[in-house]
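Visitor: Chain by chain, the residues run as shown.
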Amino acid sequence: MKIKRRTWIKAAAAAMAAAALPGCKPQAHKLVPYLLPDDEIVPGVADWYASTCDECSAGCGVLVRTMEGRAKKIEGNPDHPVNEGKLCARGQAAVQSLYHPDRLREPRQRNRKSSGAFEPITWQKAIGVIAEQLRSAHGRIVMISRPLSGTSRALLLEFMDMVGGRLYWYDPAADVPLRTALSLSFGHVGLPHYDLAGADYLVSFGTPFLEQWLSPVSYGVAFGRMRQGRPTVRGHFVHIEPRLSLTAASADRWIPIRPGTEGTLALGLGHLLMTEQSEHRSNHLRGSYEALFGGVDLKRIAIDTDVPTDELRRLAKECAGARHPLVIGGGAACSHTNATQSLMAINGLNALLANIGQPGGVRFYRSHALPNHGEDQTVPWLTERLAQALLGEFESGQPSVLLVNECNPVFSMPPAMHMDRLFARASFVASFGPLLDESASLADVVCPSHHWLEGWGDHVPDAAMAVETTSLRQPAVRPLYDSREFGDTVLELARAVRPGFLPVKSFAELVKHHWTSGFGGISLAEQEQQWISSLQQGGRWKDDAKPLSVTARRPPTRLDPASFMGDEQLYPLHLYPYPSMTMGHSGAHLPWLQELPDTLTTAMWGTWVEINPATAARYGIAQGDIVRIESSRGSIEAPAMLFPGIRPDVVAMPVGQGHTSYGRYATGRGVNPLQLAVPAFDHESGAFATGATRVQIEGTGRRGRLVLLQQPAVDASELIQVDPAKPIL
Amino acid sequence: MDTRHAVWNDMRGINRDLLAPLSEVSGRYLLLVACLAALVAAGAGAWLYQIETGIGQTNMHPPIFWSSYIASFVYWIGVSHSGTFISGVLRLTKAEWRRPVTRIAELMTIISVMIAGLCVFFHLGRVWRWYYLIPYPNQREIWPDFRSPLMWDATAVFTYATASTIYLYLPLIPDFALARDRVGGWRKPIYTLLSLGWKGSQREWETLNTAIRIITPLIVMVMISVHSIVGWDFGMSLVPGWHTSIIAPYFVVGAVHSGLGMVAIGLYVVRRTYGWEQYIRKEHFDKLGKLLVVTTLTLAYLYFADQLTVWYGKKPDEMAILHSMITGDYAVPFWAMIALIYIFPLALLTNPTFRAWPVGMLCMGIGINIGMYVERALIIVPPLTHPRLTYQWSQYFPSWIELTILTGALALAVLLYVLLSKFVPLISIWEEKEGRLHAAAR
Amino acid sequence: MPPRDELELHALFEPDVDVMNVRRQIAHAGVPEGSIHVLSPVPLSGAASDRIAGIPLYVVTVLAGLVGIGVGLFFAAGTAAMYPLMTGGKPIVAPPVVGIVSYETMMLVAIVTTFLTTVVKVRATNSEIRFRDARIDEGRMAVAIRVPMVGTIAGAVREALEQAGAIDVQASVIMDEEETVAQRVGPAASLLLPIALAGALVGCSQDMQEQASYQSQEAPRLHSPEGSIPRASRGVLKARSTSAGPSEERGAALFRINCVHCHGVQGDGDGPVAPYLKEPPGNLKNDEVRAMTDEQIYGVLTEGKDMMPSFKGELSANERLDLARFVASLSRPTTVRADGSEDH
Amino acid sequence: MAEADEKEPYRWGMVVDLDRCTGCEACVVACHAENNIRISGEREAAEGRAINWIRIERYWEGEYPNVKAKFMPVLCQHCGNAPCEPVCPVYASYHTPDGLNAQVYNRCIGVRYCGNNCPYVARQFNWFDPHWDAPLEEQLNPDVTVRQNGIMEKCTFCVQRIRKANEQADQEGRHIRDGEVQPACVQTCPTSALVFGNRNDPKSQVSVMARSDRGFRLLESLGTDPAVTYLKRLS
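Taken in sequence, the protein lines are chains A, B, C and D. Numbering-wise, the numbering used here comes out as the position in the first sequence, counting from 1, plus 41. Numbering-wise, the numbering used here comes out as the position in the second sequence, counting from 1, plus 26. Numbering-wise, the numbering used here comes out as the position in the third sequence, counting from 1, plus 51. Numbering-wise, the numbering used here comes out as the position in the fourth sequence, counting from 1, plus 105.
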């Protein structure tokens, strides 16, 4: 093989050339300038829009970081009195609900008779169809909506008066028994302000105030202050609940009482406060509570509640000795047939401890609202008993038009209520939610409303606050799809039914009108200036709310024991469904929340059943086994989670999963424990007693799939650590 | 004197025997090459799939970031040390029985170093950016961080690969000359090139022998440094169970132990396929067995010393690892490893008849290598699955992609060996002749 | 190696020949010691070995080792000192690390240099010998002698060889060889080609240049929502901390940037673009402008006026206010200073 | 303790008050929203590959009925003597002058030794390329790189916010005020359990709280000198 020198040089040159080949250019990035420059957008610089979060009814003030017309991040508004710059997990995840891939993009209609599939229609057609139904319904109209406040509440009330329909608020996390108990005890409609930050001794009967209860962020901020906010005082916190919930985990002491006996324990505590600890507390109220707390047998209470008497005495002594004791009830206490009575007893304790209206106690304020907001009309809550009555009415031949706004009763109400039958019976159903959830998929016409980051509105906090707060909501981004503001849809419907309903052009203008007219007699320019500064600040909050002097009107006279559904022998265990701490009742469609590990069990992307390790051992169940849970109404299956923080006679399951139609991340994931719930209602409030069902569990021998953050990818991880130091050699 | 004369006459026979594999290509050989190539292709396909979709195809997850690829890297580096150790030490001690063994072992060295290098590339998350490891001048003014044990690894393995290639090539020069004169076809020009025009004059012999005498101690020192550095990859970390001072010597002895096992396999296979009973005699297997006993005892001693201090000290984070191995998730592989690399060798290799029995030595070699592979995996995986924060304890088992790639790598090693045996005489011909002359002279 | 007319004699011997005796006889026949080569299939021990010229190999190894340490020091210590980056609280140049890396590079350079020297030495010695009889490997000895063609030495040596018992003696004339160099290097070049190509492929991937997130000014461009007022809005006048100079200066600067090309440097409406416009830009010094209040000028700047575009998107509210004040000052009777110079 | 270096005004650190932490995990979601962390999906989460730059570890103590669940937010501790830095062969992980443990995404080749060497298991790895169903990618933060597969990533104390505050402070010719720059988790923590600030400034809130007698540091015995100080829970 002879290669001449020249050929060798040519080969080398070719090699060099090959090496220089690859100048592959990166993809060209086009910079697209604006045709008409946008007055607010400076490329690369973020705009911050002040608004109000609408993921739950607390209404925290938020600042939305927007870059070139795209919402990037939601942060707390530091000036806002509700959340003081902080936000909960759900608030942070709200951006994903704006850009959710399965949001409805335009109004759709479903022909019930034919295939039942939804076809897109125009807005005129949708409004026309609904208006036609409203006109022909002659007043037989029922509207179920999530609780609204401010201008949208006033508008909806006026609309419903105009069409002669009935309006109900529906929110699965509304704790209706607590509201009923408060109005019965103190004759006051609104929720008081539990001043945790000022309290130095807190007793909580099942209240999940650190999870998703009424105003989670404000209670989070208050809890932080109660613990470490004051240099010399550290608030002591005792939590009483059958299961060690996230709130119980932050308590100094957790008292696992038997389900349904919160009221009984309150009686015992009240009795001790009146008798043995009476010298600490002024007993001017002795008379009115004598009937309730007087004749009480402590031993009986100890047996019923499974709480030793010395524990009860210690609680009473500490409670009486504290300077600012506070007792709150809710959450678990609301899920039994004697809920309202127990809560009235619990609130009675506050009266006994004379902390009503005191700093660190239960404080009531005059509910305020901007003028002509119709605050005098109270809107009834759609409790399950009321829903059953409605179903009866619809089935007895008087079906009416059903309007549903941003709530999902078909899923969140227990299936025993047959909400699907109510929707089927209704002559016509219209839904205004953003997603095609279970309720919307049974509707005839679906008109998607703007996401709260795309729309206008204002919000008055549900619970009373020391600072009189009204917060504003302004769009941070332009609407993504062909959806409309809910207010605008209502206005158009109203005008279709009765022309000339309201002089305003749009809902945004209505909100502005309400706000500017509320500023009193100042010039137009000044009103505009006030409006702009309110928008920039995120609302208006004068600092002094007028306290309301409240007297305990009718003390509770008797306390019935909680009744449970299902035979004691056949179904020995209590079912304890609790709202999932990551998703709550309605957050399952957000991937960030699905992926958020439930802090106590560290489980993600699914449902599980929590069983006390001793009970699990008795039934021969290991961590991760599929367990069948059976009640008299049916049975479901879920993987078992050995959970040391639960009573042996109770099994707990998170509520929030098991959707059949709620976006790609939630549909067909997990299981809804409320399927097992046997119908039982709280006497006074009519709310469904979700904790009143007895169940039986048995291992199916199959292995389930528990997705855990702790000890990842370990199929049979025992949650209870084997003590590594156990000698083996 | 006549025996010396017999040896001289017999040289033609030696040439014929030892050059036999180079010439005939049997059907069985082609079949073997074909199925090995298929396995290699499967491994390469799995690797491309892993590069394309992401290294998530493996079963690794926090806290287990290293797993079977690094275990294979350590195993192959360990096996590669057999060649240098045997040919190096035996040449230093002038042990006569080294003659047929050295080249078989050195060929294994070259191939296993290459496969070890390949395992590193399987392991890299962004393998197309591997050249960041090379210290080349660049406008970003950034350079590999030589404080990282992995850069010591890179330097050491590169040095070791170059050195062992040289150490294999030097004694091959005379054999290439011999082959150049006898083998035709496409190999002749390559042999001509590789034999550097070797004529066999005494001055050439003298140069060659001095060179080999100089490089032998150097390469043994390199061998010890390379596997200590591979040990320090783990020793330098804070992972409980890795951060021990004994890990470097333990790895070196472990390497030699698995290397000797592999050589035993090599000897038996070569002897069996080419029928070189009178070249690779029972005496070789016996001597190899003796060496194995020595390494088994040393390794057992080091391992016992390490685990004793852990067990007696009872530090929780290290006890957790010991527990997981003795009674926990990794008990089965642990006790299998103990049996394969300590109990069977000590029990069987101590009696001479077994040592001299080639089939026995083959099984012993295979057992030791499987045991050592499991031992490397048990060094890497249990400490990673039990970090100090018990919240992160986890489990790991290789995924099918990892197993395919690693079997592909093993098949590639055997394929290269089989192909090389057609190109390079497996037993050093001139050393064999020289050995016989020495034996005859005594 | 200039071609010389020389002869090479090959003598094949039985293995048991006394090599020393043969060597003495040939030397006696007048051949210098250096050009006698004894070829054997295995290294002959002791006496028969020729002396090796040149520096001993171990010296080369030791020197190469020292060079290797230097290379190691450069790589580990030198580069770390040149690009000092703090990691893990460890010293920038860590002695044990430099030690390990230098140890490795020392070994590398030492072994490679020894090998290269051996190759050179072996090539040097065996290039003197032209011919190798294949039968050496089958257990024969051979002696190769190089003698000049002319003269009687060749015949004398041939006899001495036959006398010493040579089985077969051959002679061959030394040929010219120059193409061996190319022969050697050709295959090496072909090896270089694939490596260069492989190197080329590597630099082609563009990791993370294509970001899933929208970079600024990336299509599709969206607009901000109508009616909403961000916290630090550009459209809302706010009391501004006087960071930059007085308002006039800022106004002048903005005028120079945004307005001069139509309204001209002095604001007379004679800017370079003016002739190309359908309607001539307004002369800012005429009385119509003088009559306008600052707010009205601000309005014109914000909304634009017939041909003039709106500057709402370009300038923030405060910038437009400064610009309006400056434009007003252009047309207003300038406050005549005491020394009569106009106050621009 | 790496000594406070006068020339460098900032050394960022964090204090976690365990007595305030209620385990509500708002910090985890805020971190996901701010730093473009991928949605790993159920399969990847089941394989233990869910990426959380900050996670709330829950440890059970005791047996029923007096059982307690203790929460421990764990994130990258930005150690002074970080074990993950010297072991990286390509300088992808190094220590910035202002006390942050920086992770250079483009430089990382995925050797993952730093992941092994971190005793806090604070480093996460991108096993696959991330994927966002349209239009979720509209939410991605342009200031933070979207990482591809084969790259190690971890908490950066929201370095994009720190750098923006640096620029802002330099523009106004002053130092960054205490509390002016806050990572997303510190900003959203309802009970203010997380506090972030400059450890070089003895009067900053984080320095004051770090000196509290309840203070301890995670796995301090390893000598990693973490920048995060935990305050013990009292009940």
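One should not assume that every hint holds.
Here are the simulated lysine-lysine pairs, DSS-like style, with alpha carbons at most 30 Å apart [said to hold, decoys possible]:
1) C:Lys141 / A:Lys546
2) B:Lys341 / D:Lys175
3) C:Lys141 / D:Lys175
4) D:Lys269 / A:Lys358
5) B:Lys341 / C:Lys363
6) A:Lys546 / A:Lys166
7) A:Lys546 / C:Lys336
8) B:Lys341 / D:Lys173
9) B:Lys340 / D:Lys112
10) D:Lys308 / D:Lys337
11) A:Lys583 / C:Lys289
12) A:Lys358 / D:Lys337
13) B:Lys341 / D:Lys337
14) D:Lys269 / C:Lys289
15) D:Lys337 / B:Lys340
Since the hints were made in silico from the structure, they are not lab data.
Visitor: Within 30 Å, alpha carbon to alpha carbon, are B:Lys341 and D:Lys173?
Guide: 25 Å, holds
Visitor: For A:Lys583 and C:Lys289, compute the direct alpha-carbon distance and say whether it is at most 30 Å.
Guide: 23 Å, holds
Visitor: Are the Cα atoms of C:Lys141 and A:Lys546 separated by 30 Å or less?
Guide: 70 Å, violated
Visitor: Are the Cα atoms of D:Lys269 and C:Lys289 separated by 30 Å or less?
Guide: Distance of about 23 Å is within 30 Å: holds.
Visitor: For the pair supplied as a hint, B:Lys341 and D:Lys337, confirm whether the alpha-carbon distance does not exceed 30 Å.
Guide: Holds, at about 24 Å.
Visitor: Assess, step by step, whether the Cα of D:Lys269 is no farther than 30 Å from the Cα of A:Lys358, and give holds or violated.
Guide: Measuring from Cα to Cα gives roughly 54 Å; hence the hint is violated.
Visitor: Given the hint that C:Lys141 pairs with D:Lys175, test it: the Cα-Cα distance must not exceed 30 Å.
Guide: Status violated; Cα separation ~35 Å.
Visitor: Has the given pair, B:Lys341 with D:Lys175, been kept, meaning a C-alpha gap of at most 30 Å?
Guide: Answer holds: B:Lys341 to D:Lys175 is near 23 Å, not above 30 Å.
Visitor: Would the hint linking A:Lys358 and D:Lys337 be met if the CA-CA limit is 30 Å?
Guide: Answer holds: A:Lys358 to D:Lys337 is near 28 Å, not above 30 Å.
Visitor: Hint check: B:Lys340 vs D:Lys112, CA-CA at most 30 Å. Holds or violated?
Guide: Violated, at about 45 Å.
Visitor: Is the hinted pair A:Lys546 and C:Lys336 satisfied, with a Cα-Cα distance of at most 30 Å?
Guide: Roughly 43 Å separates the two Cα atoms, so the pair is violated.
Visitor: Quickly compare the C-alpha distance for D:Lys308 and D:Lys337 to 30 Å and report which way the hint goes.
Guide: 21 Å, holds
The earlier numbered hints that this structure contradicts are 1, 3, 4, 5, 7, 9.
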